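Chemist: With the hints as extra help, turn the sequences into a complete structure.
Chains A and B, in that order, give the protein sequences. Position 28 of the first sequence, counting from 1, maps to 28 under the working numbering, and the rest follow consecutively. Residues are numbered in the working numbering as their position in the second sequence, beginning at 1, plus a constant of 411.
It is possible that part of the hints are untrue.
[Said to hold, decoys possible] Cut-off 20 Å, straight-line C-alpha distance, at most; resulting in silico cross-link-like pairs (EDC-like, lysine to aspartate or glutamate):
id, chain 1, residue 1, chain 2, residue 2
1, B, K571, A, E314
2, A, K409, B, D432
3, A, K313, B, E535
Note that these hints are calculated values from the structure, not bench results. In this text, all values refer to a predicted model and were calculated from it rather than measured experimentally.
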Amino acid sequence: MLPLITLKQFWNDLRRQKLRSMLTMFGIFWGTCSIVLLFAFGKGIGDAQLKSQKGMGDNIAIFWPGVTGKEYKGLPRGRQIRPTADDVTHIKQVAQTVGSISPEFRRWNVTIKRGRNSSLRMLVGCWPEFGDMRNVIPRRGSRFINQNDINERRRVVFIGNLLKQDLFGNEDPIGQQVEVNSVPFTVIGVMKEKDQNSSYGSRDSRVAFIPSTTFGTMYSTRWMSNFVVQAKKEYSMAQARREIYEILGGKYKFDPTDREALSVWDTTRGFEFLKTFFTAFQWFLVGIGASTLITGGIGVSNIMNVVLEERTKEIGIKMALGARKSYVMTQFVLETLLITAVGGTLGFLFAWLIVSLVPAFGLTDFIGVPQVNVSAGVLCIVLLGIVGFFAGIFPARRAANLQPVQALKLF
Amino acid sequence: MNKIAVNTNGSARGEAKSMTDTIIDMRDVRKSYRTGKVSFEALKGIDCLVKRGEFVGVVGPSGSGKSTLMNLMGCLDIPTTGEYYLEGQLVNKMTPNQLADVRNRTVGFVFQAFNLLPYATAYENVEVPLLFARVSSRKRRERVAELLSRVGLADKMANKPTEMSGGEMQRVAIARALANEPDIILADEPTGNLDSKSGEAIVSLFDELHQAGKTIVMITHDMNIAKHGERIIRIKDGLIQTNGDLS
Ligand SMILES: Nc1ncnc2c1ncn2[C@@H]1O[C@H](COP(=O)(O)OP(=O)(O)OP(=O)(O)O)[C@@H](O)[C@H]1O
Ligand SMILES: [Mg+2]
Numbered sequence: 001m002l003p004l005i006t007l008k009q010f011w012n013d014l015r016r017q018k019l020r021s022m023l024t025m026f027g028i029f030w031g032t033c034s035i036v037l038l039f040a041f042g043k044g045i046g047d048a049q050l051k052s053q054k055g056m057g058d059n060i061a062i063f064w065p066g067v068t069g070k071e072y073k074g075l076p077r078g079r080q081i082r083p084t085a086d087d088v089t090h091i092k093q094v095a096q097t098v099g100s101i102s103p104e105f106r107r108w109n110v111t112i113k114r115g116r117n118s119s120l121r122m123l124v125g126c127w128p129e130f131g132d133m134r135n136v137i138p139r140r141g142s143r144f145i146n147q148n149d150i151n152e153r154r155r156v157v158f159i160g161n162l163l164k165q166d167l168f169g170n171e172d173p174i175g176q177q178v179e180v181n182s183v184p185f186t187v188i189g190v191m192k193e194k195d196q197n198s199s200y201g202s203r204d205s206r207v208a209f210i211p212s213t214t215f216g217t218m219y220s221t222r223w224m225s226n227f228v229v230q231a232k233k234e235y236s237m238a239q240a241r242r243e244i245y246e247i248l249g250g251k252y253k254f255d256p257t258d259r260e261a262l263s264v265w266d267t268t269r270g271f272e273f274l275k276t277f278f279t280a281f282q283w284f285l286v287g288i289g290a291s292t293l294i295t296g297g298i299g300v301s302n303i304m305n306v307v308l309e310e311r312t313k314e315i316g317i318k319m320a321l322g323a324r325k326s327y328v329m330t331q332f333v334l335e336t337l338l339i340t341a342v343g344g345t346l347g348f349l350f351a352w353l354i355v356s357l358v359p360a361f362g363l364t365d366f367i368g369v370p371q372v373n374v375s376a377g378v379l380c381i382v383l384l385g386i387v388g389f390f391a392g393i394f395p396a397r398r399a400a401n402l403q404p405v406q407a408l409k410l411f
Numbered sequence: 412m413n414k415i416a417v418n419t420n421g422s423a424r425g426e427a428k429s430m431t432d433t434i435i436d437m438r439d440v441r442k443s444y445r446t447g448k449v450s451f452e453a454l455k456g457i458d459c460l461v462k463r464g465e466f467v468g469v470v471g472p473s474g475s476g477k478s479t480l481m482n483l484m485g486c487l488d489i490p491t492t493g494e495y496y497l498e499g500q501l502v503n504k505m506t507p508n509q510l511a512d513v514r515n516r517t518v519g520f521v522f523q524a525f526n527l528l529p530y531a532t533a534y535e536n537v538e539v540p541l542l543f544a545r546v547s548s549r550k551r552r553e554r555v556a557e558l559l560s561r562v563g564l565a566d567k568m569a570n571k572p573t574e575m576s577g578g579e580m581q582r583v584a585i586a587r588a589l590a591n592e593p594d595i596i597l598a599d600e601p602t603g604n605l606d607s608k609s610g611e612a613i614v615s616l617f618d619e620l621h622q623a624g625k626t627i628v629m630i631t632h633d634m635n636i637a638k639h640g641e642r643i644i645r646i647k648d649g650l651i652q653t654n655g656d657l658s
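Modeler: Below, the structure written as structure tokens:
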């Protein structure tokens with residue numbers, strides 16, 4: 001009986017007090033809508049940035065040859081330091097903090113040819129570890145370079161997904177022959193498509209990867225371009241860098257604190273920054289949303305007080321006709337909850353609608369794909385429910401504690 | 412169905428009820444109002460008995476305490492001191508829920524200002540006390556129709572208060588007061604806001620109810636209306652002056 005008559009009452013209120021109920025509901029609606037939207041776009045933008053950053057590899061550092069910037073044990077500054085693949089092997093054997101490491105040999109404008117299709121692309125020689133570190137992941141049914149390829153100097157090649165398109169179109173390339181610099185190679189894998197907006201040199205999607213040993217033989221070189229490092233889980237990249245400087249500093253006689261002796265791109269730094277920035281950005285958005293919500297909640301509680309005064313007479317009549325305290329309480333709480341729930345749900349749905357329309361406008365390259373976080377939405381509505389409950393409970397108690405005649409006499 | 416079990420804390424009351432069938436029994440009832448620091452005693456020691464089936468008129472000058480007394484009788488307010496027995500049960504000791512049930516089922520209150528719910532139709536207004544009494548929807552429908560045709564408003568069920576005359580609104584209010592078949596009807600100047608013709612119709616409705624066995628207490632300024640009662644209580648300055656038969 002209570003919910004029924006109360007729902008009826010609520011509905012009658014809505015009709016009678018259109019403006020007031022609508023304003024209250026709109027406050028809640030707006031609060032929910034903005035917090036959900038802010039969260040969704042914040043997450044979309046953040047994810048888009050992090051993803052494209054991750055495209056080049058997660059938590060890696062790339063080391064290039066450098067020039068000493070400090071005098072060391074009587075040796076002058078300005079000496080070139082150029083580690084070899086053997087040094088990389090040495091680091092792999094002795095370094096405590098290094099998880100994965102791979103040399104990287106590079107050559108630009110190498111002819112890669114298959115029948116009539118030929119392409120001038122970057123050729124990279126590397127170790128198996130390179131794939132995971134640099135986020136160069138084989139498609140299903142194909143593989144990256146393995147240890148046997150290295151040991152036996154096999155003539156096998158792993159190609160970027162766009163290079164595969166250029167050479168093979170929609171054909172299956174696995175097991176087929178291509179000519180790399182006029183030498184026949186067997187294709188063993190194709191890279192899984194990925195988002196990448198940072199690189200050194202060329203996007204991985206158009207690169208051909210071969211075993212480092214094969215590369216060294218083919219071009220008779222021991223000079224690699226750079227090497228790529230990932231720290232062990234339990235160590236930071238800073239620790240790994242320090243250890244590498246010490247090992248190489250011992251061999252090439254440079255001051256391990258001489259940063260310029262090798263040139264390093266530590267992606268964990270930019271990544272950390274981006275992550276911190278976007279987390280802060282998201283919290284900032286959530287803060288705005290939360291204050292909107294609080295403002296809405298205060299609005300609701302104020303309006304509930306006005307409603308109470310305007311309806312004191314009605315309560316008096318009902319109590320004179322036999323309404324119990326609990327009825328008056330329930331009515332008020334339920335009414336407030338209904339307003340918040342309806343407003344909140346509508347706000348949530350409206351936000352959802354906007355979010356689902358965004359991809360249609362082709363803005364996703366810039367702002368990412370906004371994602372409605374359902375649990376954030378639910379949390380938001382629960383929060384509103386609590387605000388609504390507390391906004392309703394105090395006026396309801398005040399009303400229920402009046403004698404019927406007091407309520408009636410106020411008018 | 413709803414006789415409230417209240418310990419009447421005195422076997423004498425039980426005897427009194429069975430002997431005389433007293434329905435309202437007030438003993439040295441006082442009511443003070445506080446306005447800021449000033450306290451004003453509106454009722455200064457009321458002793459009053461109403462027997463079952465009686466029709467009592469209450470008269471007195473404005474501000475004498477008639478409405479205050481009536482509100483206490485209808486349990487719309489509580490006495491400051493003194494004892495009030497309603498159907499032999501001590502109202503002073505009742506819990507708020509028991510008071511609500513008394514208002515719902517034992518007494519029916521008719522106000523000078525009608526006090527209808529403004530947004531609700533005549534039908535919905537009469538239905539309210541039935542909802543609080545948890546009457547099933549089928550029975551509610553029958554009962555509301557019966558009540559409204561009894562006060563001559565069978566064709567105005569869907570009208571809202573703004574779509575009715577004063578006399579019609581008061582008849583809706585009377586139908587509402589009768590909803591749960593209360594033993595007592597309390598009316599505080601029920602004709603005060605009506606023209607004389609509508610007023611007469613209301614008064615004859617009370618006569619009918621009286622003949623049907625209801626106990627009625629009615630406040631009025633109009634001596635001609637008061638004479639419909641079998642007995643008149645005169646109030647002045649918060650005290651009962653006459654408490655006897657019409658003379
Ligand atoms: N809530 C209140 N607070 C303070 N004083 C009150 C209150 N209600 C009534 N009074 C005072 O108590 C006295 C009695 O009031 P009551 O309403 O009972 O008079 P009444 O006999 O019904 O008068 P009328 O014929 O004008 O309706 C009056 O002096 C009034 O001012
Ligand atoms: Mg009065």
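Chemist: Confirm or reject each hint.
Modeler: Here is what the structure says about each hint:
1. B:K571 with A:E314: holds (15 Å)
2. A:K409 with B:D432: At roughly 33 Å apart (the allowed maximum being 20 Å), D432 (chain B) and K409 (chain A) break the hint.
3. A:K313 with B:E535: Status holds; Cα separation ~17 Å.
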